[in-house]
Structure formats: structure tokens, C-alpha cells
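Input sequences plus hints: build the corresponding full structure.
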Amino acid sequence: AGVLSQLSSHSRNGRVCVSPCFSLQRRNNSTSPKIKVDLDSSTGVAVLMMQSPPVNSLSLEFLTDFCINLEKLEMDKSCRGLILTSTLSKVFSAGLDIMEMYGTSPERCGEFWKAVQEMWLKLYGSNMVTIAAINGSSPAGGCLMSIGCDYRIMADNPRYSIGLNETQLGIVAPFWFKDTLVNTVGNRTAELSLELGQLYSAPEALKIGLVDRLVPQDQVLSTAQDTMSKWLAIPDHARQITKSMMRKQTIDKLLSNREADITNFVSFITKDSIQRSLRMYLEMLKSRKV
Amino acid sequence: AGVLSQLSSHSRNGRVCVSPCFSLQRRNNSTSPKIKVDLDSSTGVAVLMMQSPPVNSLSLEFLTDFCINLEKLEMDKSCRGLILTSTLSKVFSAGLDIMEMYGTSPERCGEFWKAVQEMWLKLYGSNMVTIAAINGSSPAGGCLMSIGCDYRIMADNPRYSIGLNETQLGIVAPFWFKDTLVNTVGNRTAELSLELGQLYSAPEALKIGLVDRLVPQDQVLSTAQDTMSKWLAIPDHARQITKSMMRKQTIDKLLSNREADITNFVSFITKDSIQRSLRMYLEMLKSRKV
Amino acid sequence: AGVLSQLSSHSRNGRVCVSPCFSLQRRNNSTSPKIKVDLDSSTGVAVLMMQSPPVNSLSLEFLTDFCINLEKLEMDKSCRGLILTSTLSKVFSAGLDIMEMYGTSPERCGEFWKAVQEMWLKLYGSNMVTIAAINGSSPAGGCLMSIGCDYRIMADNPRYSIGLNETQLGIVAPFWFKDTLVNTVGNRTAELSLELGQLYSAPEALKIGLVDRLVPQDQVLSTAQDTMSKWLAIPDHARQITKSMMRKQTIDKLLSNREADITNFVSFITKDSIQRSLRMYLEMLKSRKV
Chain A
1 AGVLSQLSSH
11 SRNGRVCVSP
21 CFSLQRRNNS
31 TSPKIKVDLD
41 SSTGVAVLMM
51 QSPPVNSLSL
61 EFLTDFCINL
71 EKLEMDKSCR
81 GLILTSTLSK
91 VFSAGLDIME
101 MYGTSPERCG
111 EFWKAVQEMW
121 LKLYGSNMVT
131 IAAINGSSPA
141 GGCLMSIGCD
151 YRIMADNPRY
161 SIGLNETQLG
171 IVAPFWFKDT
181 LVNTVGNRTA
191 ELSLELGQLY
201 SAPEALKIGL
211 VDRLVPQDQV
221 LSTAQDTMSK
231 WLAIPDHARQ
241 ITKSMMRKQT
251 IDKLLSNREA
261 DITNFVSFIT
271 KDSIQRSLRM
281 YLEMLKSRKV
Chain B
1 AGVLSQLSSH
11 SRNGRVCVSP
21 CFSLQRRNNS
31 TSPKIKVDLD
41 SSTGVAVLMM
51 QSPPVNSLSL
61 EFLTDFCINL
71 EKLEMDKSCR
81 GLILTSTLSK
91 VFSAGLDIME
101 MYGTSPERCG
111 EFWKAVQEMW
121 LKLYGSNMVT
131 IAAINGSSPA
141 GGCLMSIGCD
151 YRIMADNPRY
161 SIGLNETQLG
171 IVAPFWFKDT
181 LVNTVGNRTA
191 ELSLELGQLY
201 SAPEALKIGL
211 VDRLVPQDQV
221 LSTAQDTMSK
231 WLAIPDHARQ
241 ITKSMMRKQT
251 IDKLLSNREA
261 DITNFVSFIT
271 KDSIQRSLRM
281 YLEMLKSRKV
Chain C
1 AGVLSQLSSH
11 SRNGRVCVSP
21 CFSLQRRNNS
31 TSPKIKVDLD
41 SSTGVAVLMM
51 QSPPVNSLSL
61 EFLTDFCINL
71 EKLEMDKSCR
81 GLILTSTLSK
91 VFSAGLDIME
101 MYGTSPERCG
111 EFWKAVQEMW
121 LKLYGSNMVT
131 IAAINGSSPA
141 GGCLMSIGCD
151 YRIMADNPRY
161 SIGLNETQLG
171 IVAPFWFKDT
181 LVNTVGNRTA
191 ELSLELGQLY
201 SAPEALKIGL
211 VDRLVPQDQV
221 LSTAQDTMSK
231 WLAIPDHARQ
241 ITKSMMRKQT
251 IDKLLSNREA
261 DITNFVSFIT
271 KDSIQRSLRM
281 YLEMLKSRKV
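Chains as they are written, first to last, in the numbering used here: chain A, 1 to 290; chain B, 1 to 290; chain C, 1 to 290.
Hints listed in this document are in silico derivations from the structure and should not be mistaken for laboratory results. Be aware that one or more of the hints could be misleading.
Put simply, identical chains are the same to the list, so a pair is met inside one copy or across any two.
[Said to hold, decoys possible] Here are the computed lysine to aspartate or glutamate pairs in the DMTMM-like style, where the Cα-Cα straight-line distance is at most 25 Å:
#1 K271 / D236
#2 K178 / E259
#3 K178 / D252
#4 K271 / D252
#5 K178 / D236
#6 K72 / D236
#7 K207 / E71
#8 K253 / E74
#9 K36 / D179
#10 K77 / D272
#11 K248 / D261
#12 K207 / D226
#13 K253 / E118
Remember, it's a predicted structure, so these values are computed and weren't measured experimentally.
Here you go:
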């Protein structure tokens with residue numbers, strides 16, 4: 001209930017808005033894994049379930065787990081396809097964990113940002129067919145995960161939203177978030193979307209091409225499985241070379257600017273003015289939880 | 001009446017077509033300013049009104065005034081948003097003034113072109129939120145001004161048209177006009193549009209994304225004000241960094257080729273064959289005015 | 001009848017599918033020309049008819065003929081526009097001739113690929129207005145020819161399909177096929193299209209912008225002629241400079257990587273695994289013909 005009220009308290013126009021950009025992760029030291037992977041050896045398709053309540057925030061720990069799991073599947077010759085989804089009821093992922101950016105040391109901040117980069121590099125450049133089964137809201141980092149995949153299927157619930165809404169919080173999506181969005185929805189839509197920090201309802205997201213298909217909530221996963229079969233009918237090597245041809249330039253741009261991008265992020269996020277914004281935002285989140 | 005008949009004489013398919021590309025400015029030495037600026041200090045929004053009859057031609061003098069006003073607003077910390085509109089009844093701007101290109105010295109021609117560059121550089125790279133309130137036809141240079149803004153609201157009058165129609169006159173939109181158009185409507189639509197020198201009616205312009213919204217003529221300005229509020233809700237610094245990220249590459253391309261672009265324009269426009277085309281066009285305009 | 005049965009045997013969902021990517025050309029040594037050109041000196045418009053049954057496969061001989069004819073027209077000052085069409089009843093062109101790639105020497109293979117490059121370079125960079133009158137299916141190389149033109153009119157028959165379906169055969173469209181497709185339909189649609197090797201029915205092709213217009217089969221050529229008149233109303237020099245501005249970068253990319261692209265193709269296509277795929281495909285085609 002605490003989770004839901006947090007979520008609903010942020011809703012605009014009736015949408016489930018999971019804290020416009022970042023989420024406030026309740027700290028717990030439980031050993032329950034944040035990520036669960038089911039690999040069906042008969043089909044070669046893995047389902048990666050994000051199960052870190054309340055909102056699958058992308059903390060350093062979460063991202064590390066995510067990358068380890070992705071790496072394992074990437075190395076596993078028997079795995080050809082990956083479906084990314086959430087076990088939570090209304091959220092795919094609320095994006096980057098604000099606690100990794102508020103009041104933390106520059107070192108930790110840099111380590112965190114490197115993990116965000118790593119997640120995107122692994123996902124956008126994966127040799128596997130990657131399908132996002134977006135069964136809930138997916139702002140900011142959650143949107144980045146989605147557009148890092150090959151195909152996006154979203155629950156047709158107009159209360160779920162998706163988008164790179166960073167500017168609404170006074171922060172900025174870096175160039176590789178931007179490049180990925182431009183590659184997906186084109187330059188002009190990306191410009192409008194990023195400058196206004198727009199969150200799109202599922203139907204709006206379909207209209208601008210931010211997601212590829214809407215289906216009823218209970219069919220998101222099965223549709224992802226069906227779609228995967230279609231993709232796996234294409235010989236892997238031909239599809240992989242083609243995917244690399246489409247994405248290599250965008251990936252290389254981050255690879256050759258990785259350190260500068262980290263420095264840039266750390267110096268921006270540790271600014272007094274930005275830290276003040278984050279504190280106010282955190283206090284707002286906390287007051288709403290009470 | 002002289003103005004209107006000039007305009008109507010060019011109409012195709014019933015559209016107000018303000019001389020396909022350039023306009024014949026009646027010379028006057030009146031001291032009435034070509035541009036008027038109202039800055040509302042309570043909102044931080046300036047309205048820049050182009051009021052140079054008959055058709056807001058972009059002469060060297062007009063462009064100089066325009067740039068001075070833009071520079072002033074850019075420097076004014078209290079000004080966060082700019083709405084660009086026209087006081088004329090059926091024309092936003094008819095584009096570059098043909099008299100600046102016909103029979104003038106290469107020096108003057110170069111000075112003129114530098115002013116066109118300056119106008120675009122200032123507008124496309126402005127830190128302010130810029131909204132074009134397009135309350136009339138807007139061919140060629142008028143279209144360039146519009147796509148230099150962040151957002152375009154046009155009167156829903158199918159007789160008003162907008163587009164980069166240079167090729168119809170036998171001249172060529174330079175690479176930075178092209179880049180701005182590609183950034184706005186995508187590569188293929190820009191290709192078709194530029195090669196055919198197409199003018200789009202307001203509804204067609206909306207369909208291809210050349211403008212963002214159509215409203216009744218008498219609501220163009222108020223809708224621009226409402227839209228501006230939405231944009232100003234985004235923290236300036238985050239929006240500005242994002243805008244720069246989207247547009248810097250396009251702007252840098254002109255900045256690093258500015259002299260060559262001027263040389264190129266002057267040598268093209270002073271060609272005998274092009275001057276002949278311009279003379280015929282001028283004579284046609286004059287005969288229509290009689 | 002042999003031709004039709006070959007074609008129908010490949011149909012999926014009732015579409016005429018002319019061997020997903022390559023075609024099996026029946027060898028003949030007839031001296032009947034594979035290409036016929038009619039130049040109307042009164043209009044300056046040439047119609048180039050591909051008439052190489054059964055499916056206008058792009059063999060080295062065909063491509064050489066094609067380039068010679070294109071070069072002649074390009075040099076002919078009286079020719080301003082080119083309409084590309086097929087005399088066959090259900091096929092525009094089935095694409096690259098598989099026999100040029102199966103069991104041939106690396107030298108011959110390289111010569112063939114150079115001819116494919118030459119065809120595209122000449123077409124995409126032509127100074128003429130080029131219109132594809134697509135009166136039948138047009139997979140792979142046939143699609144490349146189409147998107148190399150300035151404008152595409154297709155017969156509105158849902159059984160005709162068009163697309164770069166190379167991955168379906170386990171081979172890969174090279175970067176300049178990809179660049180041309182991205183320029184035409186945008187990055188995301190190109191990505192989906194290439195990775196899945198999608199063939200689009202005529203109505204689907206219109207929807208994604210792969211073709212510009214659909215008309216009834218018997219009006220394809222006349223509509224192309226009407227459209228040509230509209231394009232020829234634009235002064236040639238202005239249109240040509242504009243076209244070059246839009247396409248030069250894409251063309252230069254191949255020009256500066258031409259040898260590497262040939263080496264790359266030859267080493268890929270002569271791989272044992274790829275040759276095995278081609279053999280199986282050929283055997284399938286042969287068995288269907290019996």
C-alpha cells in the first residue's frame with residue numbers, strides 16, 4: 001500500500017507516474033535477488049524479471065546484478081533471445097535510484113554512472129534478440145532500458161507512462177540517452193520529448209513510435225514470446241551483423257567518450273544547486289509516503 | 001489594396017502565396033520601426049512583432065534590426081521566452097528581400113547573406129524558448145525563421161502556405177536551411193520538399209510535421225502564450241543544455257563554414273543566368289502590381 | 001507458365017514473392033536485349049524497360065547493360081527524366097542473380113559486386129529526375145533500384161511486395177543499402193525492416209514511406225509520366241544542386257570504401273557456410289520448378 005500510494009501520489013491526469021524521474025528506493029538488506037532469470041532451453045529464450053520492490057529502481061547493486069545476468073546469457077550459446085520484464089504490478093522500472101546521486105561521494109557517483117553506461121552498452125549492443133515486455137510505467141532509466149531493446153511491447157493501460165523526463169527534475173539526459181531516443185523516434189520527436197521531459201501514456205507512446213505494440217496487460221509476456229519466435233526465424237549471424245551495422249556508431253560514440261561522460265555526470269550531479277533540487281525532491285517523496 | 005493584390009496575384013489553388021520565394025519590398029525611408037518588441041516582465045515572455053509592410057521581407061535592414069532585438073532579449077536575464085509573430089494580416093514573412101540580391105554589388109550581397117546567417121544562428125541557438133506564432137503565409141526565409149524556433153503554431157487557414165520553395169525560382173536553399181528542415185521533418189520529406197520547392201498549406205504542413213499545431217487565426221497568439229507557459233515550467237538550465245545537445249552539431253557546421261557559405265552564395269547569386277531569372281521575376285511582380 | 005509457377009511457389013500470405021531475395025535466372029544466350037529504352041525527345045523523358053524474363057534478375061550482364069544505358073542517357077543533354085519499369089507481368093525485379101554468387105570465382109564475384117555498386121552509384125547520383133514505376137514485386141536488389149530513384153509509384157496490388165529481405169536468406173544488406181533505406185524510411189523503420197528482412201505488401205510499403213504512391217496497375221506508367229512533368233517544372237540546375245546536397249554524403253561513403261566493400265562481400269559470400277545456404281536455396285528453387 002505504501003508503494004501504491006507513493007505511485008498514485010505522483011499521478012498526473014490519472015497516470016501512474018512513479019516519481020517523474022528517479023525513485024526513492026526503500027533500503028533493505030534482504031538477500032532476495034533483485035533479478036530472476038528463466039532460460040527455456042527448448043526455445044533458447046530467457047526471461048529476465050526485475051523484482052526489486054517498490055519500483056525496480058536502478059541502484060548500483062541492481063545494475064551490477066543486471067549486467068552480470070546479461071553477460072551470462074550473452075556468453076551462453078544456447079540463449080538466443082531475451083525478454084525483459086517486471087514482476088511488480090504497475091511498474092516496469094522507475095529509473096535511476098535517486099539515493100545513488102544524493103549526498104554520495106564523487107567516487108561512488110562515478111562508479112554508479114559507469115554501471116548505468118555498462119547496462120546500456122550491454123543491452124543496446126547485445127547479440128541476442130532483446131524484447132522489452134513493458135508491463136507498467138517506465139520513466140527515465142526505465143525508458144532507456146526499453147529503447148535499448150530490439151522491440152517494445154507495452155500494456156495498453158493509459159495510466160502507464162514512458163519517456164525520458166529528466167528535464168522535469170532539472171537534470172539532463174546525456175548524449176547517448178538522446179542518441180538512442182533519436183534512433184527510435186526521429187530527431188524532431190526526440191527534441192520535443194527531451195526538452196519538455198515528456199512522459200507519454202501507452203497510447204501516445206505507440207503513436208510516436210516509442211513503443212512498437214500495445215496489448216492487454218495479461219498478454220504482454222505471451223505476445224513477447226510470440227514476437228520472439230518471429231525474430232528467431234531469422235538466421236542469427238545475418239541479424240547480428242545487421243544489428244551491429246545499425247547501432248555500432250552510436251555505441252562507439254559512448255565507448256570513445258566514456259570517461260569524459262562520467263566526469264561530466266559527476267561534476268553536474270554534485271553541484272550544490274542540483275543537490276538542493278534532489279533534496280527537495282526527496283523531501284517531497286518522503287512527505288507523501290507519510 | 002496594393003499589397004493584397006500582389007499577394008493574391010500569386011495565389012495557386014486559392015492559397016495566399018506571397019511571391020513564391022522572395023518578395024518585392026516597396027522601398028520606403030519611413031522611420032517607423034520594422035520590428036516591435038513587447039516584453040512582459042511578469043511572465044518573462046517577449047513578443048517580437050514583425051511589422052514591415054507589405055510582406056515582412058527580410059532585407060539587410062530588417063535582419064539587422066531583428067538581430068539587435070534578439071540579442072537584447074538574449075542578454076536580458078528577465079526574458080525567458082520569445083514569441084515571434086507578424087502584425088500583417090495575411091503574411092508571417094515572405095522571406096528574403098529580392099532587392100538585396102538583384103543588381104547589388106558582391107560586397108553588399110555578402111553583407112546581406114551574413115545577416116541571414118546571423119539571424120538563423122541567433123534563433124536556432126537561442127537560450128530562450130522560441131515559439132513561432134505563424135499567423136499568415138511563410139515561404140522561404142519565413143519558413144526558415146519558423147523552423148529556427150522551438151515550436152510552431154500556425155493559423156488553420158488552408159490559404160496560408162509554408163515551405164522552402166527556393167528551387168521553384170531556380171535558386172537553392174543552402175545546407176543549413178536543409179539541415180534545419182531535415183531536423184524538423186526527417187530526411188525523406190525534406191528531400192521531396194526541397195527538390196520540388198514545395199509550399200505546404202497549413203493542414204499539409206501539420207501533417208508532415210513542418211508545424212506543430214493549427215488553431216483558428218484569432219487564437220494563434222494566445223495559444224502561443226499558453227504553450228509558452230508549459231515550456232517555462234521546465235527548469236531553464238536543463239532545457240538549455242538539452243536544446244544545445246540537440247542543435248549544436250548543426251550550428252557548428254555553419255560556424256565552421258561561414259565564410260565559404262558566403263562566398264558560395266555571392267558567386268551563385270551574381271551569376272548572369274541567376275540575375276536574369278531574378279530580373280524576369282521582378283518584372284513579373286511589377287507588372288502584376290500595375 | 002514455368003515462370004508463374006516459380007513465382008507462386010514462393011508466395012507467402014498470397015503475395016507474389018519472387019524468391020525471397022535472389023532469383024534463379026534461366027540461362028539463355030538469346031541476343032534479345034535485356035533492357036529497352038524509349039526516349040521521347042519532345043518531353044525529354046526516357047522510359048527504361050527491364051525485359052529479362054523470368055524475373056529481371058540482376059546478373060553481371062544485366063547490370064552492365066543497365067549501366068551503359070544509364071550512362072548514355074546521363075550524357076544526353078536532351079534527356080532530363082528517367083522512368084524505370086518492367087515489361088514482365090508481375091515482377092519489377094527479383095534482385096541480384098544468385099548464380100553470380102554461387103560457385104563462382106572470387107574474381108568474378110568481385111566483378112559482379114562492382115557492377116552492383118556501379119548501378120546504385122549511377123542511379124542514386126543521377127542528374128536526371130528518376131521515377132520508379134514499380135509494376136510488380138521488387139525484393140532485395142529490386143528494392144535497392146527503387147529507393148535509388150527520386151520517387152516511387154507502385155501498383156496497388158497487395159500481392160506485390162517490396163523490401164530489403166536479405167537476412168531471411170542468411171545474408172546481409174551492406175551499409176550503402178542500409179544508408180539508402182534509412183534516408184528513405186528513417187532509422188527505426190529501417191532497423192526493423194533490415195533485421196527481420198521484411199517484405200512489405202504495396203499498401204504496407206506506402207504506409208511506411210517505402211513507396212510514395214499507389215495506383216492501379218494499368219495506371220502506373222501514366223502516373224509516372226504525369227509526376228515527371230511536375231518534377232520537370234523545376235529548373236534542372238536548382239534541383240540537381242539540391243539533390244546532390246541531399247545525397248552526396250551517402251554516395252561519398254561508398255566511393256571512399258568501394259574496394260573494402262568488394263573485399264568484404266567476396267569474403268563473406270565465398271564462405272563455405274554461405275555457399276551451403278545458397279546451394280540449399282538453389283536446390284529448393286529447382287525442385288519447385290519440376
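Consistency of the hints with the structure:
1. K271 / D236: Between copies only: 16 Å across chains, 46 Å inside a chain, cut-off 25 Å.
2. K178 / E259: within (18 Å within a copy, 31 Å between copies)
3. K178 / D252: For K178 and D252, both the intra-copy (14 Å) and inter-copy (18 Å) Cα distances are at most 25 Å.
4. K271 / D252: Result: close neither inside a copy nor across copies, 29 Å intra and 28 Å inter.
5. K178 / D236: between (28 Å within a copy, 18 Å between copies)
6. K72 / D236: Close inside one copy (18 Å), not across copies (43 Å); limit 25 Å.
7. K207 / E71: neither (33 Å within a copy, 38 Å between copies)
8. K253 / E74: Classified as within; 22 Å inside a copy, 32 Å across copies.
9. K36 / D179: neither (29 Å within a copy, 39 Å between copies)
10. K77 / D272: Close across copies (21 Å), not inside one copy (48 Å); limit 25 Å.
11. K248 / D261: Both, since 18 Å and 17 Å are each at most 25 Å.
12. K207 / D226: Cα proximity of K207 and D226: in one copy and across copies (22 Å, 24 Å).
13. K253 / E118: Classified as within; 14 Å inside a copy, 30 Å across copies.
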